[in-house]
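Produce the entire structure from the sequences given, and follow the hints as far as they go.
Chain by chain, the residues run as shown.
There are 2 protein chains.
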Amino acid sequence: MITVLRLGHRKDRDKRASMHVALVARALGGKKIIFCGEPDNELLQRVQTVTYKWGGDFQAEFAPSYRTVLKNFKGAKVHLTMYGIPLEKTAKAIRKHENVLVVVGSEKVPPDVYQLCDYNVAVTNQPHSEIAALALFFREVNGPKALQTRFPRGQLRIIPSERGKNVTKYK
Amino acid sequence: MITVLRLGHRKDRDKRASMHVALVARALGGKKIIFCGEPDNELLQRVQTVTYKWGGDFQAEFAPSYRTVLKNFKGAKVHLTMYGIPLEKTAKAIRKHENVLVVVGSEKVPPDVYQLCDYNVAVTNQPHSEIAALALFFREVNGPKALQTRFPRGQLRIIPSERGKNVTKYK
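From first to last, the protein sequence lines stand for chains A and B. Each step along the first sequence adds one to the number in my numbering, with nothing skipped, and position 12 is 443. Each step along the second sequence adds one to the number in my numbering, with nothing skipped, and position 83 is 514.
Just so you know, these hints were derived from the structure itself, not from any lab. Heads up, a few of these hints could be off.
You can't tell identical chains apart in this list, so a pair holds if it fits in one copy or across any two.
[To be verified] Distance condition first, Cα-Cα at most 27 Å in a straight line; then the derived DSSO-like pairs of lysine-lysine:
#1 Lys484 - Lys523
#2 Lys520 - Lys462
#3 Lys520 - Lys484
#4 Lys502 - Lys523
#5 Lys446 - Lys527
#6 Lys600 - Lys520
#7 Lys527 - Lys539
#8 Lys523 - Lys442
#9 Lys520 - Lys446
#10 Lys463 - Lys442
#11 Lys539 - Lys484
#12 Lys600 - Lys442
#13 Lys539 - Lys596
#14 Lys442 - Lys539
#15 Lys520 - Lys442
#16 Lys462 - Lys505
#17 Lys523 - Lys596
#18 Lys576 - Lys527
#19 Lys539 - Lys446
#20 Lys539 - Lys505
#21 Lys600 - Lys502
#22 Lys539 - Lys600
#23 Lys596 - Lys484
#24 Lys576 - Lys520
#25 Lys502 - Lys576
In structure tokens, the structure reads:
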């Protein structure tokens with residue numbers, strides 16, 4: 432079970448990036464996303480609307496303090512950072528945990544996050560995207576099945592097609 | 432060799448997302464990114480600055496017409512879309528090609544893109560992020576080595592560490 436903690440959300444600036452983080456967490460089989468930073472009900476609602484339309488049990492919530500979330504979490508706490516230990520070297524140890532909290536920063540990550548987490552993990556040691564890093568984390572930790580998550584009770588389902596778009600609607 | 436074609440870049444709205452797309456392409460071993468849409472020299476320069484600082488040969492350029500790029504490309508043309516055939520089913524065939532052009536849309540993708548490409552590929556059939564989809568595409572097509580790309584001639588290199596940040600500077 433993987434929960435995502437998104438740090439330092441800024442309502443205007445991170446509108447799209449935080450939504451991308453949430454969508455990735457959901458699409459790849461995450462259980463829940465917790466946003467810290469500026470409260471943003473519109474963002475929570477947009478995530479919930481996706482779950483309502485496309486199915487599954489993914490949850491989104493806001494927490495006022497990342498420290499409280501980190502301190503209370505029972506399981507492995509993993510911070511994604513380009514400065515950390517490569518994912519290839521840490522994935523095996525992380526997979527052993529039943530519950531994982533994966534922490535995704537925005538522009539500036541408070542220094543205590545490095546201390547409060549059990550693993551600081553780099554998805555490549557190059558500058559790139561926290562959205563991509565999160566996706567690759569799910570892929571490495573959950574294996575290829577991350578891409579085959581099932582989403583029961585949705586109103587919409589895509590029938591894969593070679594050309595064009597084919598969406599089935601359920602009542 | 433994977434080249435990325437980013438469609439419909441909008442200078443203001445896609446500033447960050449297009450940069451993320453470029454960073455992912457570079458970090459995971461892509462050769463080049465071609466942007467279509469609104470010309471944006473600042474974006475090209477930001478990508479080139481990353482390559483200058485962090486090494487490697489990654490290129491960024493602007494092209495006025497995606498149709499011309501698609502028509503002239505020699506190799507497999509792959510469009511990432513949530514409506515396509517799952518990546519797990521197409522990766523094997525795509526891997527056989529020496530040169531791959533992977534097409535990443537923004538908000539609205541012109542319908543002829545579905546026709547001009549050889550493969551329409553879905554990275555999950557769920558709504559998520561083109562940035563994440565691109566990262567997972569590199570991971571599936573290039574295998575785990577996508578995460579171990581080397582970047583010679585950079586000025587900066589990270590020494591992976593369990594806590595904190597360790598960056599070495601080269602002249």
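Results of checking the hints against the structure:
For the identical chains of this complex, Lys484 and Lys523 are neighbours neither inside a copy (34 Å) nor across copies (32 Å), given an alpha-carbon limit of 27 Å. Taking the shortest Cα distances, Lys520 and Lys462 sit within 27 Å of each other both inside one copy (24 Å) and across copies (26 Å). For a Cα distance limit of 27 Å, the shortest separation of Lys520 from Lys484 across copies, 26 Å, qualifies, whereas the shortest one inside one copy, 37 Å, does not. For the homomeric pair Lys502 and Lys523, the shortest alpha-carbon distance inside one copy (24 Å) is at most 27 Å, but the shortest distance between copies (44 Å) is not.
In the homo-oligomer, the alpha carbons of Lys446 and Lys527 never lie at most 27 Å apart, since the shortest distance is 34 Å inside one protomer and 39 Å across protomers. In this assembly of identical chains, the alpha carbons of Lys600 and Lys520 lie at most 27 Å apart only when taken from different copies (24 Å versus 43 Å within one copy). Taking the shortest Cα distances, Lys527 and Lys539 never come within 27 Å of each other, neither inside one copy (30 Å) nor across copies (41 Å). For a Cα distance limit of 27 Å, the shortest separation of Lys523 from Lys442 qualifies neither inside one copy, at 36 Å, nor across copies, at 41 Å.
With identical chains, the CA atoms of Lys520 and Lys446 are never at most 27 Å apart, being 33 Å at best within one copy and 33 Å at best between copies. When the C-alpha separation of Lys463 and Lys442 is checked against a cutoff of 27 Å, the pair qualifies only within one copy, where the shortest distance is 19 Å, while the shortest distance between copies is 33 Å. Within a single copy, Lys539 and Lys484 get their C-alpha atoms only as close as 33 Å, which misses the 27 Å cut-off; across copies the closest is 20 Å, which meets it. Taking the shortest alpha-carbon separations for Lys600 and Lys442, neither the intra-copy value of 32 Å nor the inter-copy value of 35 Å comes in at or below 27 Å.
In this assembly of identical chains, Lys539 and Lys596 lie within 27 Å of each other by CA distance solely across copies; the values are 13 Å between and 39 Å within a copy. For a Cα distance limit of 27 Å, the shortest separation of Lys442 from Lys539 qualifies both inside one copy, at 15 Å, and across copies, at 24 Å. In this homomeric assembly, Lys520 and Lys442 never come within 27 Å of each other (Cα to Cα): the closest approach is 35 Å inside a single copy and 38 Å across copies. In this assembly of identical chains, Lys462 and Lys505 lie within 27 Å of each other by CA distance solely inside one copy; the values are 15 Å within and 42 Å between copies.
In this homomeric assembly, Lys523 and Lys596 come within 27 Å of each other (Cα to Cα) only across copies, at 23 Å, whereas the closest approach inside a single copy is 38 Å. Taking the shortest Cα distances, Lys576 and Lys527 sit within 27 Å of each other both inside one copy (16 Å) and across copies (23 Å). In this assembly of identical chains, the alpha carbons of Lys539 and Lys446 lie at most 27 Å apart whether taken from the same copy (16 Å) or from different copies (19 Å). Proximity of Lys539 to Lys505 under the C-alpha cut-off of 27 Å is restricted to the intra-copy arrangement: shortest distance 25 Å within a copy versus 42 Å between copies.
In this assembly of identical chains, the alpha carbons of Lys600 and Lys502 never lie at most 27 Å apart, being 42 Å within a copy and 35 Å across copies at closest. For the homomeric pair Lys539 and Lys600, the shortest alpha-carbon distance between copies (21 Å) is at most 27 Å, but the shortest distance inside one copy (42 Å) is not. Within a single copy, Lys596 and Lys484 get their C-alpha atoms as close as 17 Å, which meets the 27 Å cut-off; across copies the closest is 41 Å, which misses it. In the homo-oligomer, the alpha carbons of Lys576 and Lys520 lie at most 27 Å apart both inside one protomer (20 Å) and across protomers (13 Å), since each shortest distance falls under that limit.
In this homomeric assembly, Lys502 and Lys576 never come within 27 Å of each other (Cα to Cα): the closest approach is 30 Å inside a single copy and 35 Å across copies.
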